[in-house]
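A.B. asks: Following the hints, put chain B in place on chain A, whose structure we already have.
Each protein sequence line maps, in turn, to chains A and B. Read in order, the letters of the first sequence correspond to residues 1126 to 1484 in this note's numbering. Read in order, the letters of the second sequence correspond to residues 1357 to 1611 in this note's numbering.
Possibly wrong hints are sitting among the right ones.
[Stated by the list, open to error] What the simulated footprint calls covered on chain B by chain A, stretch by stretch (three residues with Cβ under 8 Å from a Cβ of chain A suffice, anywhere in the stretch; the number is not a length):
1) 1393-1406
2) 1424-1437
[Unchecked claim] For the chain A half of the interface with chain B, some residues (derived, Cβ under 7 Å), not all of them:
3) THR1194
4) TYR1216
5) ASN1238
6) HIS1335
7) PRO1418
8) ALA1421
9) ALA1425
Derived from the structure by calculation, the hints contain no laboratory data. Built from N, CA and C at the ideal position, the CB exists for glycine as well.
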Amino acid sequence: MAKELLKGNEAMAEAAIRAGLQAYFGYPITPQTELLEHMARRMPELNRVFLQAESEVAAINMVYGAASTGVRVMTSSSSPGASLMMEGISYIAASEVPCVIVDVMRGGPGLGNIAPAQGDYFQVVKGGGHGDFRSIVLAPATVQEAIDLTYQAFDLAERYRVVVFVLTDGNVGQLMEPAELPPMRPVERPGRERRAPAWALRGAAGRPKHVISSIYLQPENGEAFNLKLQAKFREIEQHEVRYHEHAVADADLIVVGFGTAGRVAQTAVKQARAVGKRVGFFRPISLFPFPKPRLAELAATTREFLVVEMNSGQMVEDVRLAVEGRVPVRFFGRMGGVVPYPDEILAEIERQLGQPVYA
Amino acid sequence: MLAEEEIVYARPKALSGVHTHYCPGCTHGVAHRLVAEVIDELGIAGQTIGVAPVGCAVFAYNYFDLDFAEAAHGRAPAMATGIKRVLPEHVVFTYQGDGDMAAIGLSEITHAAARGENLTVIFINNAIYGMTGGQMAPTSLPGQKTTSSPLGRDIETTGMPLHMAEMLAGIPGSAYVVRRSLHNVKEINRAKKAIRRAFQVQLAGWGFALVELLSSCPTNWGLSATGALHWVATHMLPAYPLGDYKVRPEVEALR
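Isolated chain A, as found in the complex:
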């Protein structure tokens, strides 16, 4: 298939459809609404389920219900809506049913604004809702990557029976750039049912009943279940780390950023290289699992890190945990919907390199 000019939100919607999405439930919120609108057009024409819910709270619980039947299901929202979904996400994680959620982040806190931001890192990457759980979190920086990660997200969700977030921002959601869509996968339809997963709710005809629940009344059972969940998250940490790096081998300073902030920072790093500065670039693509081992390796070869984010400093905490104090980890951020320019980051790189380094 050839490249087309695609808008991020619509491209993610179409990628999900081509991944075999069978049901979409969502609620309008800027800057993700084109994703919902694309679903409203496409899903009925493919004879699949589209439903605009009365709230994000309802949408995530519709996702929970549909996911309990073992079909491919998703929702999408933006920051305030993602906050509303957190309760349901905790239930879904605790029931171990797979689903995909796209969060197109906007400026916050509160109602904030509709400009691109990255202030949802804590609530999405650290589990968000109540209790101990993790979602796989994938952070694209381009429309093409948004397509590819959305397409993969469904396989990951099913493989581990977890929630997979595509955590992006209003920039990637609204951006139009050339990208290529993946092929259409076959989907379950009447007469051609995919074999339902062994745990799915499909009616107990001819087999013992199935229950999808997140309740473990006895503390000992609750702990045993939590240990099982944690083992699964450790397995995910072993196998699903994704990152992009550039020019790190000889770097005195490595700039770290995800999503749009990472993409802008990469431009700044190239500019720094062009004037002979030994600066490298590292972009975590999976935010959970976080590429801790690779950052720990790089801490042995570089002299310092500069973390760039569109928030007050959220991912920087994970970089510091990975680096374990071996080298300084500094932070540069813009907030409230402001996207940094490459030259701001370049100025910060030059300022950092000019500073003494206390390793």
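C.D. replies: This is chain B only, laid out in the frame that chain A set:
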């Protein structure tokens, strides 16, 4: 030829053979049994998926021998919508109490009805929060003493009870909305007929069907089992008149 011994009364197949956690005198057990009998009689157990609430019926999935999901508090109609939309040929029902439906889940039940969602809803109204130990519900009666209205429900500050059947009947998407009671045998038999009809409405694809069941909570009302049934008759019936609040013409023809 008749055998000397004939089984005339047994546990419905749609109920599991486990003890429930319900208090003595509570009518949840009656409501469970009626739902299970109807499912048996309609022969739909293998295609039915239940959605349990948060509240006293939180363990309903243990008591029914059916595929079951356990929803977040108030969200059963949304969860049921998700299931029914992807499995339209299956039978999906929610079983919810008054705190779950009339308080925290008012939005989800209202919009499920508004969409004419093809679901069956069993609504237990006992005018109190049972599981958390007897707090005021949106359905608590004026003056009713609860642990969160110790001097009696003050309608000046907490308003009047919500009448869910009347409210949901007023929504165009609902096909069948009735109120019944479980306080005596005659009303229990009438309740069963209504539950049967509410499942038949779904099987016919006619849309949203809800049966509100006035129920007893002897523990949190501070009454004996029989005293609680008497209280349903003397206090709840006047406040919550039994009746058919919405019966679409095509439903009328069902027998």
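A.B. asks: Are at least 3 residues of the stretch 1393-1406 of chain B within less than 8 Å of chain A when you compare beta carbons?
C.D. replies: holds (count 5)
A.B. asks: How about A:ALA1421: closest beta carbon in chain B under 7 Å, or not?
C.D. replies: violated, 38 Å
A.B. asks: Does the nearest C-beta of chain B fall within a distance shorter than 7 Å of the C-beta of A:ALA1425?
C.D. replies: violated, 46 Å
A.B. asks: Mind checking, does the stretch 1424-1437 of chain B have 3 or more residues with a CB under 8 Å from chain A?
C.D. replies: holds (count 10)
A.B. asks: Should the interface hint for A:PRO1418 be scored as holding, given a Cβ-Cβ cut-off of 7 Å against chain B?
C.D. replies: Since the shortest Cβ distance to chain B is 36 Å, the answer is violated.
A.B. asks: If you take the shortest Cβ to Cβ gap from A:ASN1238 to chain B, is it below 7 Å?
C.D. replies: For A:ASN1238, the interface hint is violated, since the closest Cβ of chain B sits about 26 Å away, which is over 7 Å.
A.B. asks: Should the hint that A:TYR1216 touches chain B count as held when the rule is a Cβ pair under 7 Å?
C.D. replies: With Cβ-Cβ at 5 Å, under 7 Å, it holds.
A.B. asks: Would the stated hint for A:HIS1335 survive a check requiring a Cβ distance to chain B of less than 7 Å?
C.D. replies: Result: holds, 5 Å to nearest chain B Cβ.
A.B. asks: Going by Cβ atoms only, is A:THR1194 closer than 7 Å to chain B?
C.D. replies: Holds, because the Cβ-Cβ distance from A:THR1194 to chain B comes to roughly 5 Å (cut-off 7 Å).
Hints 5, 7, 8 and 9, counting from the list given before, are not met by this structure.
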